[in-house]
Each structure stands twice: as structure tokens, then as C-alpha cells.
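A.B. asks: These are the residues of each chain, in order.
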Amino acid sequence: MTMRFGLSLTLENIAMHIGATLHGDPELRVHNIATLEQARPGSLSFLSHKKYRRHLSSTQATAVILSPEFIPLCPVAALAHPIPYLAYAKVTSLLYPVPNITAGIHSSAVIDPTAHIDATAWVGPLSVIGARVKIAAAVFIGPNCIIDADCDIGNNSRLIARVTLCQHTSIGCRVTIHPGAVIGADGFGFAKDGDQWLRITQIGRTRIGNDVEIGANTTIDRGSLDDTVIADGVILDNLIQIGHNVHVGENTAIVACTGISGSTKIGRNCLLGGNVGIAGHLDIGDGVCLAAGSRVTRSLQGPGSYGGVLPVDVEPLWRRNVARLRHLDDLARRVRQLERLIHNESKSGQAEENNDDATPDI
Amino acid sequence: MTMRFGLSLTLENIAMHIGATLHGDPELRVHNIATLEQARPGSLSFLSHKKYRRHLSSTQATAVILSPEFIPLCPVAALAHPIPYLAYAKVTSLLYPVPNITAGIHSSAVIDPTAHIDATAWVGPLSVIGARVKIAAAVFIGPNCIIDADCDIGNNSRLIARVTLCQHTSIGCRVTIHPGAVIGADGFGFAKDGDQWLRITQIGRTRIGNDVEIGANTTIDRGSLDDTVIADGVILDNLIQIGHNVHVGENTAIVACTGISGSTKIGRNCLLGGNVGIAGHLDIGDGVCLAAGSRVTRSLQGPGSYGGVLPVDVEPLWRRNVARLRHLDDLARRVRQLERLIHNESKSGQAEENNDDATPDI
Amino acid sequence: MTMRFGLSLTLENIAMHIGATLHGDPELRVHNIATLEQARPGSLSFLSHKKYRRHLSSTQATAVILSPEFIPLCPVAALAHPIPYLAYAKVTSLLYPVPNITAGIHSSAVIDPTAHIDATAWVGPLSVIGARVKIAAAVFIGPNCIIDADCDIGNNSRLIARVTLCQHTSIGCRVTIHPGAVIGADGFGFAKDGDQWLRITQIGRTRIGNDVEIGANTTIDRGSLDDTVIADGVILDNLIQIGHNVHVGENTAIVACTGISGSTKIGRNCLLGGNVGIAGHLDIGDGVCLAAGSRVTRSLQGPGSYGGVLPVDVEPLWRRNVARLRHLDDLARRVRQLERLIHNESKSGQAEENNDDATPDI
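Protein chains in written order, with our numbering: chain A, 1 to 362; chain B, 1001 to 1362; chain C, 2001 to 2362.
Be aware that one or more of the hints could be misleading.
Said to hold, decoys possible - Computed spacing ranges between beta-carbons, pair by pair:
| # | chain 1 | residue 1 | chain 2 | residue 2 | range |
| --- | --- | --- | --- | --- | --- |
| 1 | C | Q2301 | A | N155 | 48 to 56 Å |
| 2 | C | D2193 | A | T10 | 41 to 49 Å |
| 3 | C | D2193 | B | T1120 | 53 to 61 Å |
What the hints assert, rightly or not - Covered, in the sense of this in silico footprint (three residues per stretch, anywhere, with C-beta under 8 Å from a C-beta of chain A), are these stretches of chain C:
| # | segment |
| --- | --- |
| 4 | 2251 to 2261 |
| 5 | 2331 to 2338 |
Simulated from the structure, these hints should not be mistaken for laboratory data. Computed from a prediction, not measured in an experiment: that's the story for all the values here. Ideal Cβ placement from N, Cα and C applies to all residues, glycine included.
Please build the complete structure, drawing on both the sequences and the hints.
C.D. replies: Here it is, written out as C-alpha cells:
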């Protein structure tokens, strides 16, 4: 654990920024964020889950963000906010702001003469900018990125490093893309020609909306005829595969290692757990939550929660079936026993009858 | 949806190229491909699935590729072909041809003096070509590729961008490799030395056949002693992991997010759905189809279809078992009920016997 | 299959190095390693699994590493070792040593003036070294790597090629990282702000211990507040996702395509099969083995074996349940039959009673 120091800010400043009510000295300063346990004087901490409440009384933090009802229990300055986790999120970018970008183009970058790069943008070392590319104001292109021909990137977007945008990809504003992501590669489109596979030239594009986040080594294929679309506010974790022609709706969040097959439509405000697999040509409604590891082979209505490892089902039923699975061996034995019992009973029933037949002789 | 324009071609020219029978004016020209719904005058469209048939009568396309039986229903020029989807695949590369490559080596590429690069090949900006590498005629090496020492690449292959070939990798002719793919990295080979892992130097190579396609961020490890082999005509989607010593047979197709463990042999003409996991040292026969999400822990005979999330089984049996899973909770309740019933019956049976015993007294 | 030649070494030299007892001419030389079947004169082979024993009598190898009890069966020189597989691992690095690195910085690399690179280290072509980076003795940085600001790399570590270390990442000594790996990218941390996702600035670092191996295209996120930690001796395969704040204990091995969600702690000496998915905030004990494909949604005590596709369970129970699954359809039919039988019996029982009632009348 290394403690990283951010800006030094007064509690008054912070309270104003995050919309919290301050209980304590407004002139106190903090310069880093830490958990209740690891906070030291100068740290700002937060209490967002009751299971950490036991650490509140002994925290060494200078101030704590918490829900109003915990103010009486807080031994130090308190910043009261109805949703402490959201307040914490807001304060992280206040104390640790993204550095302002230096405008310019690194001398080692390779820029096509037909590209248009805004004077306020930055293109990092060893990046390659192709023909007719348009890069808007305040865009940050980190080292080793490839922006192939006919791409455009909206203002204030940040390609951290080693991002690949294939031809015709369009990126909105305020988008963050992490290293190794490949956006707009050819979709997996082939026709059978006898035993062989004939490649179908992929003509559609990939269009990424505004305020989207794309994780490391995630791949999003270009459309075959229509476009692949990631709508505004979508957040994608690492190592996700999005097939061609997929449409992901506004503010949907997708956790790592998930794969979405071609032409499937995911609604808005969905939440897909990690390692979800969704077959192609399906329609997943708005507000669908999928448990981690879910395998989806049919369209799902939203809103609603579905799971899981087995073919998805509505959640309470799925959970019960999964619970039963842990006792399947026991269940099978019990059925065997019932069969024996019934088999024997009918046998012993016959035996008794014989006995009964015999008894009169005694 | 953005409509990308390709070449402008006459229907006569297209019919000849794709082997279709033209019903309409041979001089008509089209310059893009679109779905029946989105086609406009100048568009070529196609009908390959009956569910889109309802869009045929109202299409604004200039011409439609379709099966001969639909000619009477086609309101515009028709290109009749027995397999419209294959004809569509052929026409995509006709209207949107891969641009001819410019021969040469970009000034920013770093080339080892012992490498041999054919005069008709292209090496893009910021690519690195190692010692003794051999690059054949008309090969396209996009920006930011790494071709490490002792690799060879057959003619007309295309490394789109940011492809990594580790040492001793061999690539056939007409191979396409998408960005982020890593071919020939060390396999995961270690021996336990007490509590610690001792690395086994990987001596085998990776050999990729002709006409292979390798998706974005896919990884194919080099062999430990023998080679890892991807045979001719194999198509691999994105984010696939192929372990060391694996052999994938001709024309097999593997969908995204699939992992194949070391030393497993996959036959020819197999079709592996997305997110399949196959254990090591198995033998999967020719013509095996695996449902998406299948977990394979034993060798499988081909041809045949197998699934799925549970340990794989032949398909009809597997499908029935999975269907039962959705009713497992119900099944368990019914067994409980049977047990109670039988328990009570035998109890009440005894009671009746006692009664019977008793009755004589009356 | 191509036979790669290594150094030419005497059996005496090899026996000494790997701690084997030599039975044969100490002056004999070998120059490559091959399986018993593919070995030729000049090859060293090994017998580590009894299923290959049948190839021993006919091998053309010059010498074979084997367990002492097989010496009488060995037709050629023998190197007896109690654990032949470990001896084989040792001999691979003896015959095929990692080449000594050339010290220096390639002229095409882009180095921040504040970086400190040891004079014995190598920085390859087109690599980017950021501000305040510290690179220790004998470190090898292959082509096209990105070492962002404030990273440090311990001595003798090797970044094969195209490795990305994001800001503040710390790498131990003797670590090997394969192409495409992304270490220290932002974790997937967001707070809901109404319908939208607000990014939480990730302040923690990623710390990689000594003697760690990280596979191609694997991603390890930086911590949110605390650090993400990979302890000494851990080996990670390709395409693995490690979420923020995860802690992986000493000498744990993780096979490809596995995903570990944020804040989960994996113990020491664990073995995670391929395609394992582990939920967040769990505690997996020391010495836990997880079958490939396991889905883990609760903390697990170690040591112990758990599996698998279904929610994990202790192994023997899990294996039995999974075996039952293959017969679930049959089980359901049997229950139906029991129900019918009992239903009919009670009906026919009543009928018989009626008969009984009737018989007296006869």
C-alpha cells in the first residue's frame, strides 16, 4: 500500500464541490483519500457501507464523508451527504484531477498530411494518424496509438495509450479508451463456399457515443452492413468482445470477459455481470440485469434480473434451481430408494399374500 | 447508419462475377450494398433469409440478389443465385475491393539488416522487423507490427496493424491477422520445484497455414517441443486463446472468447461457438459442432453436435437434460412429496394391519 | 514439426546441472530435446508419464531422462532423476538459454529525460519510457513497450515486446511479461449518479512481485484506493483479467481466460483452471484448486479442490452432482413413473379394496 498524495484542499472547498454539509473546521485541509482504517492525519475518508462502520470511531482521518445519521458517531470533521459513495467518486476527481494536456504533436508521431488535428489536441509519441482523420479540441492521444484512415474523435476524449481505431471508426466526446482496445476491426463474417469460408467484406462502421468508457484489450467489431453502435454513457470493462452490428443502449454497464455475439441489441441501463455470453440476433430489453457468468440464448424482456450459469431464467426460479443442483446426487439416491421401496413393497405385498394364503393351514 | 459507397459497377459485370442470372437491364449500375430496408436507388441488396421477404416488395434497391423462386416477387432487377448469401459475400469484395498495396518500407519502420523483404511488400510506419525474417511478395504489414526474429510470412498475407509475431513464427499465404493478435508467445509450461514454478523453455514454433483469419487480441502460443499448428482455411474470431501444441484442422471456425488448452487436437470442418472451453490433451474429431459456452473435458467423436454449458454431451440428450434443469426445483419437490406419501402409506398400512389384527376382536 | 537445435552439451555436464545420475558414456553430446518418438541421434529425451513408456525401447535418442526404475528398460544412455519432468524443465533452459541482453537504448526509443535506466539494461526499438521511470540492472525491454510515468522495474525482468505499464506500476525482479499485457490500467470503478455513471479516479497502484510470469494480452488493473498485488512466484497465463484491489498470493498459478473481480483475495499456492470466474470481495484460501470453468460466488476455505461449471462445491460432491446431471432427463422420467405408479396403486388399491369388499358377496 502506497499513499498517493493529491491536491491539498480545504474542507469548505470540498463540501461545496460535492454538495455535502460540513460539520467541522472549514479551514482544515486534506491531501489524499484513504479507507477509514488506513487514513492518517491529512486524509479524507468515507463510510459508504455499514460493514466498515466499526472503523469509524478509531479513524485517524482529518475528515469523513458519511450519511447524515452517522454524524454523532464521527470522531473527526464530517461531510454529510445522502449518497456517500457518490460523494467519494466526486471527490476523487477533485483531489486527483486529470492533468491538463499539453497541446501539440510529438515529433515521433506519424501523421498523414490529410489528417486534421485540432490545435488544442495532443498526439503522443509513436502514434500513427491516418488519412482524413479528424481529431477535435482537447483530445488526448497517448503513446503508440493507431488512428486509421477516416476516423473521427470528439472533443475531450482520451486514448490513454496503445489504442487501435480501425478505419471509419467514430468516437464521441469525453470518451476514455484504455490500452490494447481494438475498435472497428472487421466483424467475423464469412459465407460457406463448399468446405471453405469466404470472407464477407465488412462495410459498416463502429460508432461510439459520448461519455463512453472502454477497458483494456476490449474489442468492438465494425458492422457488416449496418453500424456497430455503443450509445452515450456506456461503460465497458476489460477483455470484452462486442460483435458486428451490436447495439448497446445508453448507460449500460458491462463487466469484464463478457462476449456479445453479432447483431444483438442490448437495451439502456442494463447491467451485465462478468463473463456473460449472449448469442447473436437477440433483443435484451432496457434495464435487464444479468448475473455474472450468464449464458443467454433467447431474447429477454426488461426490466428484470436474470441468471446465470445455466440457460438464463428469471432470477428467483433460477436461484432455486441452482440451489437444488448442489443436492442433485442426494435427489437421485432418494429416487432410487423410492423405486426400491415401491418395487419391494409390491413384491413383499405378494409375499405377504402368499403368507396369508398359507396361514389358514396353521 | 452511414452508407459507404464502393465502386460503381453494371449489373452485367456483377452477374458474371458472382455467377448469377440477371433479370433486368444489364447496363444498370450500383455503387453500394444495403439491406432491403435501407437500400436506395443505386444500392444492390440481397434476400438470404425468408424473414426479410416482407421487405422485398417495398425495397428501393436498384437490384436484389435472391433465390430463383423469388424472381416473380421482385419489384426491381434481380440477380438469381442458388445461395444468395454466398453471392452477397462475393459481391462485397467486388464492390469494396481491398486497396492495392503500395510497395515499400515506411521510413519510420525499424528493419534488421538480415531481414529479407520482397520488393512488392509493404512495411508500415513504426513496425519492427527482426533478424532473418522473410517477407514474401505482396505482403501488407500495417502500422506498429512486430515481426520478431526468424519469422516468415507467405505471399499476399495482411497484418492489419499492431500484430505481434514472436520468434520462429511461420505464417502462410493469404492470411489476415487483426490488431492486437499475439502469435507465438511462450506457452504456459512450468514444472513444480517444491512450492515454486520452474519455467520450461518453449522450443516449438507456431505454424499458421494458408487462408487463415485471426481476430483481434487473439493469442496463439508456440509449442513446447512440437509445434502449435493452425491448418489451412481456419477462421478465428477475437479474444481466442490457443494453448501450446494445439492443432486446429482445416476450415474449422472458432467464435470469440473460446479457450483451447495445451496439446488438444481439433479436427477439420469443426464449428466452435463462442466462449467454448476445451481441456488439454483431448481429441476432437472432424466435423464436431460445439454449442456456445460448451465446457469440454473429454475427447469427442465427429461428426456430431455437442453442447453445452454443462459437461458436453451429444446434443439431443444434452438439450433434454438442460430443459429439465429449468424444472429441477419442481422435480425435487415432487420427490419429497412421493417420499411423504410412501412414508405415510406404509405407516397407515401398518395402522391398517393393526386394525386388521384388532378387528377379529370385535 | 521443426527441430530446433540448442547448445551442444555432454551428458556429464547435463547430469551435473540437473542433479541426475548418469548411466552411459559421459562424453556423449546432445544438442536438442525431443519426445521419445521424435528424438534422433543427438537428441535428449525424457520419460515423465507412463503412457509414453511404450516408446522407450524404440527411441533413437542419444540419452533419456527417466525415473530410476526404468533404467533397465532404457536402450540408450540414461539420466536417472526422481522427478523426470522437473529435470526436463531444468534441461530446457540449459540447452536453450535465454540470450544475454545487449546493454543500451535503441535509437528509435523515446525516453523521458527524467527516467533512470541502468547502464546494463536494454530498451528496444520504438519503446516509450515516461517521466521518473526507474529501470534496474539487466532489464530487457523489447520493442514497442510503453512504460508510463512513475513506474519501476526490478533487475533481470524481461518485457518481451509490446507490454504496457500504466502509471505508477511497480514490477519486481526476474519477472517475464508477454506481448499485449496491460498492467495498471484504471480499475472499473464508477458510482451511479442518477442514470449516469460517474468515474471514480483510481488512486491505488499495481504491484507485481519477484519471479512472476504474465501472459499475452492479460490485463491487471490498478487499485482504487489500495493496491492491486501479485505476489512473488505467481504465474498467469494469457487473456486473464485481474480486477482492481485484487491480491494474488505467492506461487499461485492461473490458467488462461480467467477473470477475478475486484477486491477478491486469492491465497498462496492456489491453482485456478482455465476460464474460472470469481466474484468480487471474496476470500479464497491458501492451496485452493479450482476446476476449469468454475464459477465462484462465495469465499472458499483452503486447502481443497473445488469445481466447477455450476456454483462451486467441494470436489467429490460436485463431481457426483455433475455426473447426475447427465442423467437428469432419465431421473425426471423415473419420478414421473413413480408418481403414476403410486397414483395408480392407490387407485387400484381402492379398486382392490372394493373388490375385497365385493368378494364376500360371492
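A.B. asks: It remains to establish, for every hint, whether it holds in the given structure.
C.D. replies: Results of checking the hints against the structure:
no., hint, in the structure
1, C:Q2301 / A:N155: 48 to 56 Å, "holds, 52 Å"
2, C:D2193 / A:T10: 41 to 49 Å, "violated, 24 Å"
3, C:D2193 / B:T1120: 53 to 61 Å, "holds, 56 Å"
4, 2251 to 2261, "holds (count 3)"
5, 2331 to 2338, "holds (count 4)"
Consistency note: the structure conflicts with earlier hint 2 alone.
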